[in-house]
Amino acid sequence: MHFYFLYIDPGSGSYILQMIIAAVLGVSFFFKNFWLSIKAFFTGKKVKKEDEKDSVE
Amino acid sequence: MQPHPASYRDTSGFIFKQDGLVYRYVHPAYEMHYAKLMDSGLYDELVKKGKLIAHSEIAGLTTFGFTEGKVLLPEQLPFISYPYEWSFDMWKDAALLTLQVASASLKKDMILKDATPFNIQFYKGKPVFIDTLSFENYEAGKPWIAYRQFCECFLGPLLLMHYCHPDTNKLFTVYPNGIPMEVLVSLLPKRSKWNMNTFLHIHLQAKFSGAKKQKPGTENNFSKQKLELLLKGLDNFVQKLSLKRVKTTWDNYYTDTILGDDYLAAKTALVKSFISQADFENVIDLGANDGHFSRLFDEGKTVIATDADHNCINELYLNIKKEGRSNILPLVYNLTTPSPAIGWANTERESISTRLKADLVMALALVHHLAIANNVPLVLIADWLQPMGDWLVIEFVPKSDEKVKLLLQNRKDIFDDYTLENFREVFGKKYQLIKEEKVGNTNRVLFLMKRN
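In order, the protein sequence lines correspond to chains A and B.
Here my numbering is used: position 31 in the first sequence is 31, and no number is missing along the way.
Here my numbering is used: position 121 in the second sequence is 178, and no number is missing along the way.
Treat the hints as calculated values from the structure; they're not laboratory data.
Treat the hints with care, since some could be wrong.
In silico lysine-lysine, BS3-like type, Cα no more than 27 Å apart, as pairs [to be verified]: (1) K304/B with K247/B; (2) K127/B with K106/B; (3) K127/B with K74/B; (4) K304/B with K32/A; (5) K39/A with K289/B; (6) K289/B with K45/A; (7) K164/B with K32/A; (8) K281/B with K32/A; (9) K45/A with K297/B; (10) K32/A with K289/B; (11) K39/A with K297/B; (12) K32/A with K283/B; (13) K507/B with K492/B; (14) K297/B with K32/A.
Pairwise CB distance ranges (calculated) [to be verified]: (15) K106/B with K39/A: 27 to 35 Å; (16) T119/B with G26/A: 37 to 45 Å; (17) I16/A with D96/B: 55 to 63 Å.
It should be emphasised that the depicted structure is a prediction, and the values quoted were computed from it without experimental measurement.
Ideal Cβ placement from N, Cα and C applies to all residues, glycine included.
My request is simple: use the sequences and hints to build the entire structure.
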């Protein structure tokens, strides 16, 4: 049933590609957050982590 | 009931026009997704934040010729603009809005099933998502179905404007369903590969495009966390993109040129006095440049400010956004190559000439560019302006003017008809000439006219 509304072609390889991208971004956000927490430790300021930001302001 | 020509792709429903109003029909098979949008609080949240167009459900299906489903009446938009008429930061805000709507949906266990800029309109100074039927129940384990569409429809044009030239937004007229990956990689400079995000979302994806189709049913392991990461990553990437700086003739037109302050002050005063004698609700400002004259109108009047120069329109958009002005819609519009009617059977997206109508039209310091720089005879200019609006404020710039001399510097003067007398005569056939006055101490003449 759910295929009924999938009226656009997601493109071949889109699934694997999204897996790769999510993995790369996961690693990059991990290091970014790691760096932010080191910075926060030394500056004493609380920095909002990447995944805590709300994109719908 | 005849669906709108642009509303044939998605089987969830369609939009149609009746008695001058635009309605949206919801197909019974889509109703469970629609119910979730409404019941989960997602609709209220997005509408409250001005991110989604509001609608009301209309009773009496049979009056529209339906026996089942739902009919919605969305908030009516005064003007429909198309992405190839937007400047860079308008595209950027539209892309960010799409991602914001997608991640807000995910929090309520829904997902956007498509990601095209045609789902977005600029209304009251801000982008708003207009496709109420884009929301669908999120199924655990599924990747984002609209990911490639987002890349081809948003990232592609944004990256071309970032790496190549602002005017590449026009390429979307040729590829309104998204710029194909292979076209994108052939246009983007090689160095773009060194940007991690451009590499992943474009170059790598282009490689994958030729890959074999997957077996259905193998895609069920993409966690929600990964999906959130993907959306977040795209959001971060888009936020960082900027428009390639290209120097144009029209940068700082008013501040740098010989015309200077006196001319501008005199013209402003004249325009103000002319428009106070006209009766209008909405305005088209053709050749608006930095929007100086568009700003003369208070918030009660809506103004569409157009210019062929991408930088001018982008600056204007950023400025009105900063100021919080909601009555000006800036659009990139090259009068000599206007947006055509495109899409299936040339009926999906209307041409800009069909859409652009207002009570008052302003054409300031414009006629000489059309008549001299582009060889358009005065009579054709009058023919084109007349159907656009009742009132016309137009400036005639004679051959004795420095700017016109500049245009004629390197070419033969073949424009014997380009005189003030002839201008009066030609426009006098289509309009009633109400006011005519010289601008400051220049030879330029400003007219107020009313359509016959």
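Holds or violated: are the alpha carbons of K281/B and K32/A at most 27 Å from each other? holds (21 Å)
27 Å limit on alpha-carbon distance, applied to hinted pair K39/A and K297/B: Cα-Cα ~22 Å, so holds.
For a C-alpha distance cap of 27 Å, please report whether K304/B and K247/B respect it. Given that 27 Å is the threshold and the Cα spacing comes to 23 Å, the pair holds.
For the pair we were handed, K289/B and K45/A, check the Cα-Cα distance against 27 Å. Holds, at roughly 23 Å.
Are the Cα positions of K297/B and K32/A separated by 27 Å at most? Holds. K297/B to K32/A sits at ~16 Å (cutoff 27 Å).
If I claimed the Cβ atoms of K106/B and K39/A lie 27 to 35 Å apart, would that claim hold in this structure? Holds - the Cβ-Cβ distance for K106/B and K39/A, about 31 Å, lies within 27 to 35 Å.
Between K32/A and K283/B, does the CA-CA distance stay at or below 27 Å? holds (17 Å)
Given the hinted pair K304/B and K32/A, is their Cα-Cα distance within 27 Å? violated (36 Å)
Range hint compliance [Cβ, T119/B to G26/A, 37 to 45 Å]: violated (53 Å)
Can you confirm whether the C-alpha distance between K507/B and K492/B stays at or below 27 Å? holds (10 Å)
Proposed proximity, K106/B with K127/B (alpha carbon, max 27 Å): Since the Cα atoms of K127/B and K106/B sit roughly 25 Å apart, the hinted pair holds (cutoff 27 Å).
Mind checking the alpha carbons of K164/B and K32/A for me, to see if they're no more than 27 Å apart? The hint holds at about 23 Å.
Hint compliance for this structure: hints 4, 16, 17 are broken, all remaining hints hold.
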